[in-house]
Structure formats: C-alpha cells, structure tokens
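Asker: Sequence:
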Amino acid sequence: MNLGHPLFLWGLLAVPLPLLLHLFFRRRKASIAFSTLQFFLQQKRYLAHRRRLREWLLLLVRTLALLMLVLALARPTLQGFTAAFAARTTVALIVDDTLSMDRKLGSGMTAFALATQKADEILNTLSEGDAASLIFLSGRPGLALTRQRQAVRRALEEARVTGASGSFAAALQHAQIDLTAGAAPNREIYLLSDFQSNQTPDAPIPVAADGGVRLYLLPLSGPPDNLSVARLALSTRPQMVNKPITIPYDIVNHSDRSRETVASLEVGKDTLRSESLRVPAGERVTGRFDYVPLQAGVLNGAVRITDPSLALDNTRWFTLAVSEHIRALLVEADLLSRVRPFHFLMLALDPSDGDSVNGIHTETGFLSEMQPRDLDRHHVVLFANPPPFSAQSAALLTRYLEGGGSVLIFGGGATGPETFAAFSHDTLRNLYGERESAARTGMRFKAALSGLNALLQMDLVTWQRLSTLKPAPTATVLADCQGIPMIVEQKVGAGRLIACAFSVRRDTGNWPELKSFPIAMIHLTAYAAHEPQHNAGILCGQTLRLTALTPEDSSLACLHSDGTRLAQPVRDGAASVTDTWQPGIMTAERAMPRSTAVNPVPAESDLSCWSASRLGALASVRAHVLKTDAALDTQIRAARRGSDLSGLLLAALILLLAAEALLGNTYLSQRRP
1 MNLGHPLFLW GLLAVPLPLL LHLFFRRRKA SIAFSTLQFF LQQKRYLAHR
51 RRLREWLLLL VRTLALLMLV LALARPTLQG FTAAFAARTT VALIVDDTLS
101 MDRKLGSGMT AFALATQKAD EILNTLSEGD AASLIFLSGR PGLALTRQRQ
151 AVRRALEEAR VTGASGSFAA ALQHAQIDLT AGAAPNREIY LLSDFQSNQT
201 PDAPIPVAAD GGVRLYLLPL SGPPDNLSVA RLALSTRPQM VNKPITIPYD
251 IVNHSDRSRE TVASLEVGKD TLRSESLRVP AGERVTGRFD YVPLQAGVLN
301 GAVRITDPSL ALDNTRWFTL AVSEHIRALL VEADLLSRVR PFHFLMLALD
351 PSDGDSVNGI HTETGFLSEM QPRDLDRHHV VLFANPPPFS AQSAALLTRY
401 LEGGGSVLIF GGGATGPETF AAFSHDTLRN LYGERESAAR TGMRFKAALS
451 GLNALLQMDL VTWQRLSTLK PAPTATVLAD CQGIPMIVEQ KVGAGRLIAC
501 AFSVRRDTGN WPELKSFPIA MIHLTAYAAH EPQHNAGILC GQTLRLTALT
551 PEDSSLACLH SDGTRLAQPV RDGAASVTDT WQPGIMTAER AMPRSTAVNP
601 VPAESDLSCW SASRLGALAS VRAHVLKTDA ALDTQIRAAR RGSDLSGLLL
651 AALILLLAAE ALLGNTYLSQ RRP
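Each residue of the sequence shown is one higher than the one before, starting from 1 at the first, in the numbering used here.
No lab work stands behind these hints, which were simulated from the structure alone.
Treat each hint with caution, since some may be false.
Stated by the list, open to error - What follows is a list of derived Cβ distance ranges for each label pair:
| # | residue 1 | residue 2 | range |
| --- | --- | --- | --- |
| 1 | S235 | R377 | 12 to 22 Å |
| 2 | R377 | A612 | 54 to 64 Å |
| 3 | A603 | D334 | 49 to 59 Å |
| 4 | R399 | A612 | 44 to 54 Å |
| 5 | L460 | S352 | 21 to 31 Å |
| 6 | P141 | L650 | 48 to 58 Å |
| 7 | T146 | S197 | 28 to 38 Å |
| 8 | R377 | T146 | 45 to 55 Å |
| 9 | R506 | K470 | 17 to 27 Å |
| 10 | S107 | D579 | 30 to 40 Å |
Glycine residues also receive a C-beta, built at the ideal position from the N, C-alpha and C atoms.
Could you build the full structure based on these sequences and the hints that come with them?
Answerer: Have a look at this one:
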C-alpha cells in the first residue's frame with residue numbers, strides 16, 4: 001500500500017481524542033442515602049447496562065470516524081510501486097512480431113504497426129534515468145536494457161513482422177532476466193500481442209511475485225478472416241529433365257464465410273499457371289500444378305494466392321533439384337580386394353559405362369574414403385555384402401539417412417548380426433541375422449514393387465544360403481519368398497534404408513544370370529532413389545545449416561530472395577544461419593544445400609484470438625489489461641498509483657457520521673430530565 005499524502009498521517013494523533021474526552025467527563029460513582037428503593041424497583045431491568053453499551057458504541061463510532069477522515073486525506077492506494085513513486089523504473093517491452101501480427105485492424109493499419117506505435121507511447125511515460133529493453137516474441141534479437149530510449153525507438157522502426165511463431169513463456173522469462181539485471185525498484189513488463197489462440201499456454205506462466213514486477217497486457221485483436229497456402233506436398237523422388245513435376249498444394253480458409261481466390265504457380269520470376277478457386281468457410285481445398293523442367297539444376301518457385309488479410313502466408317516457396325539421371329554411388333568395402341561385388345549390378349544399371357542409358361548414372365567409391373559431400377551428391381548409396389560398419393561409418397551413414405538420403409544394401413557372406421551393431425537406431429541394429437541353409441525358389445514383390453511380379457514369371461529363381469532379415473514393426477516388407485522377408489524398407493529420420501536378403505553375385509542364387517535381374521534392379525534402384533531433404537525447406541525461425549564444399553572455407557554466405565546477404569563463420573565444416581525470419585528462397589554460395597525454401601509457420605495463419613476473460617490466466621501474477629483505443633499514459637500512471645481507497649474511506653466516514661447522529665440523538669433523548 002502507498003500513500004499519496006503521508007503528511008496527513010499526523011492526524012492519527014487525534015484519533016484517541018473521543019476516548020480521552022469520554023474518560024475525562026464520565027460520571028464518578030457516588031453514595032446517596034435513600035429512605036426507600038421503591039422507585040428503582042419500578043424501572044426496567046438492565047437499564048444501566050444498556051446505557052453503558054450505547055456509550056461505548058458511540059465512542060467507537062466517533063473514533064472510527066476520525067480514523068476514516070485521516071486516512072482519506074492521506075489517499076492510500078493498493079498495488080502501487082513498493083518503492084518511492086519517484087524511484088527509477090525499468091521497462092521490458094515484449095512486442096509480438098509473429099506472422100499473425102500482420103493482420104489488418106479496423107483502422108486500416110496492421111496490428112504490428114499499432115504495437116510499435118503503442119510501444120513508443122510507453123517509452124514516453126518514462127523519466128530521465130529510466131531504462132527499457134526490447135524483446136521480440138518470435139525470439140529474434142531485440143535490444144538489451146538501455147537508458148537510450150532513442151535506440152529503442154530506432155529498433156522499433158526497423159522491425160518487421162516475421163513468418164515465425166513465438167513463445168510467451170520464453171519472452172516473459174527473458175523480460176524477468178532483463179529487469180533483474182536493471183536492479184531498479186520499479187519493474188514493468190509490457191506485452192503487446194494479438195494473443196493468438198494457438199499460443200495459449202497449458203498453465204499460467206510463472207512470474208516472480210516477490211520481485212515487484214508489474215505485468216501489463218495490450219491486446220491488439222482484429223478480424224479473423226484469412227486464406228493461406230498451408231502446404232506443398234512435394235515428392236521426395238528425384239526430379240528429371242523433360243519429365244513432369246507435380247506440385248500439389250493446400251489452401252485453407254480460416255474464415256467463417258466462403259472466400260474466392262486465384263492460385264498461381266511461379267517458377268523463377270515468371271508466372272506459368274493460374275486458376276480461380278472457391279474455398280468454403282473453414283475448409284481446405286487441394287489443387288495441383290504440373291511443370292516440365294527443360295534443364296538440370298536447382299528449380300526455385302512458389303505457389304501464390306491473392307488475399308488481403310496476411311501477405312506473408314499468401315506464398316509457399318519451394319526449391320527442387322532437377323537432374324538428368326539418378327545418381328547412384330556404389331560403395332565397395334575393400335580397396336585392395338580383387339572381387340568385384342557390383343559386377344552384375346553395374347551391367348544392369350549402367351551397361352554403357354557412364355552414358356546412363358537406363359536413366360541411372362553410377363559412380364564407384366570405397367568405404368574408407370566416404371565423405372559427407374560425396375554422399376549428399378547422390379540419390380542412393382549401394383553396398384554389396386558389406387562387413388560390419390565401424391562407428392565412424394555408422395555415424396556418417398546415420399547423418400546421411402536422417403538428412404533424407406537413401407541406402408540400398410545387398411546381403412552376402414559378410415552380413416550378419418554385427419552388420420549394424422555400431423548404429424544408434426534400434427530398428428537397424430538387429431536387422432540382419434545369421435544366414436540360413438535352406439534352399440528356396442521364387443520371390444513375390446509387394447507394396448510399391450508389386451508390378452514386378454509379372455516379370456519374375458519368365459524365370460525360375462532359386463536361392464541358397466540367404467541372409468535372414470528381422471524387420472522391425474515399423475518396417476515395410478517389399479518382397480518375400482515363401483513368407484521369408486527378402487527386401488525390407490526401414491525409415492530412418494527423413495531417409496530410408498532398404499536391405500536385401502540376397503546378394504547381387506551368384507553366391508546366394510541364380511538371379512544375377514537371369515533376364516529379369518537387370519530390369520528388376522533398375523526398378524529397385526529407381527524406387528530406392530531419394531532426394532535428400534536439403535531441398536525440403538525450413539520454417540521461419542529455424543536454423544539453416546550450410547555444409548562447406550571445401551575444407552579451406554572459413555565462412556559461408558547465402559543470399560535471400562529479398563536481396564539480403566548473410567555470412568556466417570565455418571565451424572567443423574559447417575555454418576549455421578539463424579536469420580531466417582522472412583519467407584523466401586535462400587541461395588548458398590559455395591555450400592550445400594544450394595537453395596533452401598523458408599516458409600511461414602502454418603499455425604500462425606489461424607487468426608482466432610483469446611477471449612478477454614482468458615487474458616488474466618496468462619501469468620501467475622495479476623495482469624493489468626490496457627485499452628489500446630485510449631491514451632496509454634493516463635492508464636499507466638493510474639496503474640502505477642494503484643487503486644485509490646480514499647473514496648471508500650469517505651463513504652465509510654459518511655456512514656459512521658449517520659450512525660453517530662442516530663446513536664447520539666437516542667442517547668441524549670434518554671438523558672433529558
């Protein structure tokens with residue numbers, strides 16, 4: 001509690017005055033001789049007790065009346081600053097810069113523009129020597145605690161809405177750290193946001209109540225109408241020159257009314273296709289564009305719609321690597337071995353020795369010489385009868401698989417329970433078992449390879465000493481022989497590993513010599529081919545990791561489609577780019593991936609907001625909700641003063657005076673002779 005005029009507290013010295021007067025003028029007991037008690041016996045019983053009770057009540061009312069008068073003149077307030085009102089103040093401004101803040105308000109300006117305007121008004125309420133910090137809800141760098149308010153204003157002027165999402169908990173924690181560092185007695189946190197529904201915390205966010213922190217909320221809500229391009233369902237298959245590319249897209253209507261829009265396909269700087277769409281209220285509409293690339297390279301483009309609500313989610317960017325053929329890397333285990341494990345497979349996939357007549361270009365490498373950049377350049381990496389992988393090789397292949405790569409392994413005499421023992425994934429560690437001695441015939445393809453069953457009818461395939469496969473429950477069996485798994489596909493991160501029980505040499509069967517073998521191997525390799533997820537893109541606010549092409553590079557740079565150039569130092573052969581707040585295409589210089597699509601967070605496109613009654617449940621302390629359509633300085637100063645109790649005290653004084661009048665009149669009337 002604070003006092004507006006503490007000088008009036010000296011009036012408390014007059015509060016005991018009624019008691020002193022009562023004690024001074026009260027009657028003393030006296031002994032009087034009477035000849036008879038007949039008169040007293042005729043009076044009502046307990047008359048003296050009633051009179052004494054009335055006197056004490058009258059004394060209490062007069063004492064309380066004086067107390068109420070003194071306190072009302074002192075102007076007490078509740079929940080004001082615990083320190084002196086003129087003490088230094090530190091302010092943490094949390095400005096919501098997430099995608100939804102680009103919504104249009106009734107005044108025509110965006111919620112973010114209004115937030116920066118109100119933040120400037122808050123700065124105007126600070127006095128000389130006060131400090132302020134700027135925190136963005138998305139998590140991008142703001143401004144540390146400073147007494148230079150002009151620097152905070154410049155940061156607000158330069159700020160832009162991002163395509164990212166945000167965290168109220170992280171922002172409030174950051175604000176409390178800033179205020180603690182300021183060591184000022186008066187501490188305030190201002191949260192300017194549209195309080196989007198998808199950011200609702202599961203429980204009240206902890207805010208230290210004993211630190212004297214006051215929390216102010218400025219809700220900036222607007223109409224929820226919005227259309228967005230929610231998703232591009234691009235295939236992970238390698239894209240080839242002169243072959244159609246299908247680009248499926250989803251458009252979501254977040255409004256409660258039907259909307260019309262025009263969807264367009266842009267490749268480079270050209271708009272190639274457009275179509276008109278009607279999206280029902282609250283529904284999702286799926287469409288597709290087809291495009292035939294005419295040359296190899298990186299294909300950058302976007303699907304764009306027309307909608308006035310939010311600008312950033314009207315575009316969904318994509319980047320695709322277009323190749324002339326599937327690039328397959330055949331990895332041999334022993335550099336000095338005279339055995340050619342891929343002899344039959346190379347004749348099947350690339351019989352012209354590099355001309356890629358079957359659409360597959362093969363290169364040969366060795367396990368001891370594998371490098372990350374060698375793996376990343378290929379759509380599929382093949383091993384034939386590999387020995388148990390070392391910890392180093394396992395880590396290298398795990399990174400490749402989790403990044404979207406594809407590995408195809410053929411069994412043999414060297415494969416067994418120890419093949420994947422060094423891998424960290426349990427689904428791979430026990431994939432291969434011991435070899436079996438039973439002879440078998442035939443094979444039946446399943447799932448995506450079932451179309452090859454007609455091909456096997458031309459040949460009689462016999463098997464012997466096959467490797468045993470033990471697929472995990474999450475694996476997919478692509479082929480079996482009399483119920484025994486022959487080809488198993490296992491997802492690993494964004495990529496996949498395909499293991500075969502048979503060898504591509506003649507030690508496990510006669511298939512490499514049959515007519516169906518080359519065609520089946522071409523289809524199996526094409527199925528296994530997987531475009532690394534470097535081109536799948538990231539969301540705004542996520543870190544982009546660039547891999548250096550040469551060990552000599554000390555820094556890596558990339559160019560954003562808006563013209564911004566970013567450079568980061570190289571550590572351990574890679575650089576991390578964190579400034580990914582704006583949607584677009586980021587093109588790397590001398591690094592992989594060459595291009596990356598940066599897209600807004602889809603959940604931010606839903607513009608529904610919290611109800612006013614839920615704002616109080618945001619934090620563990622009481623929050624003051626300020627009105628943005630009224631002057632903030634008046635509201636803030638009133639909140640800083642706290643709740644003025646002088647009005648309540650004056651009302652209590654009036655009631656006490658009325659009670660004193662009633663009790664006093666009754667008392668005097670009974671004392672008249």
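Asker: Take the hints in turn and mark each one as holding or not.
Answerer: Comparing the hints with the structure gives:
1. S235 <-> R377: 12 to 22 Å: 20 Å, holds
2. R377 <-> A612: 54 to 64 Å: For A612 against R377, whose Cβ atoms are near 56 Å apart, the range 54 to 64 Å holds.
3. A603 <-> D334: 49 to 59 Å: 51 Å, holds
4. R399 <-> A612: 44 to 54 Å: Since R399 and A612 have Cβ atoms about 49 Å apart, the given range 44 to 54 Å holds.
5. L460 <-> S352: 21 to 31 Å: About 29 Å separates the Cβ atoms of L460 and S352, which means 21 to 31 Å holds.
6. P141 <-> L650: 48 to 58 Å: 51 Å, holds
7. T146 <-> S197: 28 to 38 Å: 34 Å, holds
8. R377 <-> T146: 45 to 55 Å: The hint (45 to 55 Å, Cβ to Cβ) holds, given that R377 and T146 are roughly 48 Å apart.
9. R506 <-> K470: 17 to 27 Å: 25 Å, holds
10. S107 <-> D579: 30 to 40 Å: 31 Å, holds
Every hint from the earlier list agrees with this structure, and none is contradicted.
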